[in-house]
Amino acid sequence: MSGTFVGMPAFPSAAREALQDDQLRRNLANATGVIRTKRAEVVDEVDNWEELRVAGAAIKDEVLLHLDEYLIELEASLTAAGAAVHWARDADEACQIVGDIAADHEVDEVVKVKSMATQEIGLNERLAQRGISAWETDLAELIVQLGDDLPSHILVPAIHRNRDEIRDIFVESMASAGKPAPDGLTNDPAALANASRLHLREKFMRAKMAVSGANFAVADTGTLVVVESEGNGRMCLTLPEVLVSVVGIEKIVPSWEDLDVFLQTLPRSSTGERMNPYTSTWSGVNDADGPQEVHVVLLDNGRTRALADEVGRQALRCIRCSACLNACPVYERTGGKAYGSVYPGPIGAILNPLMKGVGVDEQTDSLPYASSLCGACYDVCPVAIDIPSVLVELRTQVVDSHRGGAPDAFGAAMAGAAVSFGSPLPWKTVVLATGWAGRLSGPLAGRVRSSALKNVPGAAGAWAGARDIPALPKESFRAWMKRTGGQE
Amino acid sequence: MVTCINDAFFPETGKAVLRLLQRLGVAVDFPEAQTCCGQPMVNTGYIDEAVPAVRQFTKAFAGYDAIVTPSGSCAGSARHQHKLVAERSGEVGLADAVAEVSPRVYELSEFLVDVLGVTDVGAAFPHKVTYHPTCHSLRMLGVGERPLQLLRAVRDIDLVELPAADQCCGFGGTFAVKNSAVSTAMGQDKIDHVASTGAEYLVAGDNSCLMHIGGMMSRQSTGVQTIHLAQILASTKVMAQ
Ligand code: SF4
Numbered sequence: 001m002s003g004t005f006v007g008m009p010a011f012p013s014a015a016r017e018a019l020q021d022d023q024l025r026r027n028l029a030n031a032t033g034v035i036r037t038k039r040a041e042v043v044d045e046v047d048n049w050e051e052l053r054v055a056g057a058a059i060k061d062e063v064l065l066h067l068d069e070y071l072i073e074l075e076a077s078l079t080a081a082g083a084a085v086h087w088a089r090d091a092d093e094a095c096q097i098v099g100d101i102a103a104d105h106e107v108d109e110v111v112k113v114k115s116m117a118t119q120e121i122g123l124n125e126r127l128a129q130r131g132i133s134a135w136e137t138d139l140a141e142l143i144v145q146l147g148d149d150l151p152s153h154i155l156v157p158a159i160h161r162n163r164d165e166i167r168d169i170f171v172e173s174m175a176s177a178g179k180p181a182p183d184g185l186t187n188d189p190a191a192l193a194n195a196s197r198l199h200l201r202e203k204f205m206r207a208k209m210a211v212s213g214a215n216f217a218v219a220d221t222g223t224l225v226v227v228e229s230e231g232n233g234r235m236c237l238t239l240p241e242v243l244v245s246v247v248g249i250e251k252i253v254p255s256w257e258d259l260d261v262f263l264q265t266l267p268r269s270s271t272g273e274r275m276n277p278y279t280s281t282w283s284g285v286n287d288a289d290g291p292q293e294v295h296v297v298l299l300d301n302g303r304t305r306a307l308a309d310e311v312g313r314q315a316l317r318c319i320r321c322s323a324c325l326n327a328c329p330v331y332e333r334t335g336g337k338a339y340g341s342v343y344p345g346p347i348g349a350i351l352n353p354l355m356k357g358v359g360v361d362e363q364t365d366s367l368p369y370a371s372s373l374c375g376a377c378y379d380v381c382p383v384a385i386d387i388p389s390v391l392v393e394l395r396t397q398v399v400d401s402h403r404g405g406a407p408d409a410f411g412a413a414m415a416g417a418a419v420s421f422g423s424p425l426p427w428k429t430v431v432l433a434t435g436w437a438g439r440l441s442g443p444l445a446g447r448v449r450s451s452a453l454k455n456v457p458g459a460a461g462a463w464a465g466a467r468d469i470p471a472l473p474k475e476s477f478r479a480w481m482k483r484t485g486g487q488e
Numbered sequence: 001m002v003t004c005i006n007d008a009f010f011p012e013t014g015k016a017v018l019r020l021l022q023r024l025g026v027a028v029d030f031p032e033a034q035t036c037c038g039q040p041m042v043n044t045g046y047i048d049e050a051v052p053a054v055r056q057f058t059k060a061f062a063g064y065d066a067i068v069t070p071s072g073s074c075a076g077s078a079r080h081q082h083k084l085v086a087e088r089s090g091e092v093g094l095a096d097a098v099a100e101v102s103p104r105v106y107e108l109s110e111f112l113v114d115v116l117g118v119t120d121v122g123a124a125f126p127h128k129v130t131y132h133p134t135c136h137s138l139r140m141l142g143v144g145e146r147p148l149q150l151l152r153a154v155r156d157i158d159l160v161e162l163p164a165a166d167q168c169c170g171f172g173g174t175f176a177v178k179n180s181a182v183s184t185a186m187g188q189d190k191i192d193h194v195a196s197t198g199a200e201y202l203v204a205g206d207n208s209c210l211m212h213i214g215g216m217m218s219r220q221s222t223g224v225q226t227i228h229l230a231q232i233l234a235s236t237k238v239m240a241q
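Sequence order for the protein chains is A and B.
Just so we're aligned: 457 in our numbering is position 457 of the first sequence, and the numbers increase by one with no gaps anywhere.
Just so we're aligned: 50 in our numbering is position 50 of the second sequence, and the numbers increase by one with no gaps anywhere.
Do not rely on the hints blindly, as some may be mistaken.
Chain A is faced by these chain B residues, among others (derived, beta-carbon under 10 angstroms) [stated by the list, open to error]:
id: 1; residue: C37
id: 2; residue: A50
id: 3; residue: D120
id: 4; residue: N207
id: 5; residue: Q225
Simulated from the structure, these hints should not be mistaken for lab results.
Idealized CB from N, CA, C, for every residue including glycine.
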């Protein structure tokens with residue numbers, strides 16, 4: 001069973017550790033580089049890409065603005081189509097609901113379609129506590145699950161693994177979970193895919209209940225939509241008798257036509273494909289075919305908290321394409337686990353604090369700072385979430401949540417900056433002092449040079465660990481202006 | 001607007017801007033009352049602490065036709081963040097003052113290309129140079145090709161393309177110290193790319209990023225110098241000889 005993220009260290013130390021894993025860095029740089037290039041190619045060929053981005057953002061904003069009404073509409077249309085609708089305030093309630101449905105049907109195993117919402121609530125672990133095995137059927141999720149590992153990417157959770165590692169995981173762990181790996185399994189991608197196919201087929205044929213998420217929930221028709229690449233989702237959604245879908249309340253789109261926008265932007269942004277191989281849609285129960293009992297669990301778990309945040313609510317537009325992860329230079333170097341959540345990368349750095357609230361734990365508070373604010377995420381986001389601005393807003397909230405107590409080193413430095421920059425005189429004095437320091441020579445100069453950075457304890461070391469401090473000029477710009485009047 | 005970092009640490013950049021603009025016939029003033037745009041505070045989450053700097057900014061630069069700065073990052077801060085700071089402060093008149101001043105802030109290459117309408121500024125620089133587009137100039141301001149247009153018109157320059165140029169160098173203000181391990185890992189890739197070009201100079205439009213990249217290059221003795229765009233554009237044949 002895969003582990004959980006509880007108790008992860010704050011981002012800087014988790015990142016430092018991840019950076020030491022050369023294999024991880026190579027795998028990540030390679031994988032994100034390939035996906036980035038593919039995405040850029042298929043996005044460039046769409047003439048109206050900017051229009052699609054704006055349209056996607058507008059559709060989601062409309063839903064978020066009237067979420068109360070759309071949720072009721074969705075509940076009504078789902079119910080009319082024969083689905084049972086459940087409401088879950090948090091992870092506990094959602095896991096309880098899914099577990100109870102499994103218990104009602106006396107099943108001890110379920111097959112799963114890849115779903116972020118069920119990972120977010122830790123469903124597999126909670127079902128295991130009730131003696132129910134939840135089998136992941138997406139190839140990458142299977143690798144994570146069999147390797148007793150944590151996911152590190154939204155779309156390709158095993159992005160940190162290479163072929164050799166995957167072969168070893170299959171050989172070691174498939175037998176204990178079901179059909180063993182074929183004898184003499186090599187690291188050939190086709191052979192690995194076939195091994196997983198054989199292993200999973202057995203589970204598809206046997207399972208009585210499936211659990212999924214949904215990429216979209218269409219309010220007016222009561223249709224859920226799952227977009228995937230491998231066909232495992234289609235198996236889960238059609239073969240078992242009972243289907244339970246855990247759906248975040250922000251997944252709504254008003255009408256069937258709105259899918260037009262997202263089914264263009266999602267595959268291009270996520271896998272760099274013009275269209276994804278499998279798009280499954282279902283509205284409740286159909287007598288002739290498919291699951292005969294359909295449940296939908298509508299999940300809040302912090303989403304209404306995010307919705308209440310005026311700047312941050314745009315994060316709920318997210319369609320989990322993971323383009324921002326692949327574009328992020330920080331993610332590329334640290335991998336997803338350093339973010340301590342199933343939502344890593346730039347979107348994770350804003351979504352986690354928005355859903356959990358800031359000022360509660362150090363790990364969450366460190367996430368808005370896990371960015372150089374380079375803006376690459378905003379550029380690629382298909383629903384135009386201005387992640388850098390939300391990061392800055394959340395940093396403000398983190399700082400505000402700690403105001404009142406004794407200021408930390410950064411707080412003291414920033415209070416000092418407020419005075420230095422608030423009127424010309426103090427700043428002139430600072431610059432003057434820098435000029436004096438620049439004219440010193442010998443060992444004293446070095447000491448005075450770094451004294452500027454020593455205002456923030458630790459900062460001098462953090463800067464100077466890998467970088468030289470620039471030599472100070474003998475005369476500041478303003479002193480030169482004063483002396484020469486700007487004439488050389 | 002010379003910027004606080006250039007004022008204290010990189011006066012040659014300020015002098016170069018002055019020389020360049022004067023050569024192009026612009027009447028340039030240096031309002032002594034200027035301090036800092038406030039970005040270090042805003043980007044670290046200390047918005048209240050940025051209010052005095054933003055207030056001072058609006059006072060220092062009130063009444064000018066154009067406020068030109070050799071920093072994409074500080075221009076971005078003035079154009080995009082000052083409004084937020086003023087709104088949050090609730091201070092009477094500050095939001096209006098910001099609305100008056102901030103649209104007239106230009107990053108140097110924007111001012112040259114868009115306002116003055118020049119790409120050939122009559123510069124000469126007989127060296128092998130590679131250009132790093134800093135993130136805020138590239139993505140926040142969208143300066144695009146402007147710096148390259150200006151550089152291509154420089155006499156005798158050997159301008160070589162930087163691989164993966166649009167990748168962040170890892171500076172990111174306080175990110176460089178708060179997450180120094182990641183910051184320097186990003187910086188390492190950047191300086192490796194720079195080294196692969198064989199350039200003598202790495203040029204950019206922000207000295208803050210250059211301070212980080214240059215600090216790493218100097219520590220590793222790569223032999224590549226950093227230089228601000230303004231300093232290349234201000235160089236002429238006479239000076240080069
Ligand atoms: S934030 Fe945007 S780019 Fe990132 S996963 Fe969500 S939709 Fe995709």
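> Once the shortest beta carbon distance from N207(B) to chain A is found, is it less than 10 angstroms?
Replying inline: holds, 9 angstroms
>> Given A50(B) as an interface hint, is its Cβ closer than 10 angstroms to any Cβ of chain A?
In response: holds, 7 angstroms
> Hey, does the D120(B) contact hint survive, CB to chain A under 10 angstroms?
Replying inline: Violated. Min distance 23 angstroms.
> Can we keep the Q225(B) interface hint, with Cβ of chain A closer than 10 angstroms?
Replying inline: violated, 12 angstroms
> Given C37(B) was flagged as interface, is its beta-carbon under 10 angstroms from a beta-carbon of chain A?
Replying inline: holds, 9 angstroms
Hint violations for this structure: numbers 3 and 5, all remaining hints satisfied.
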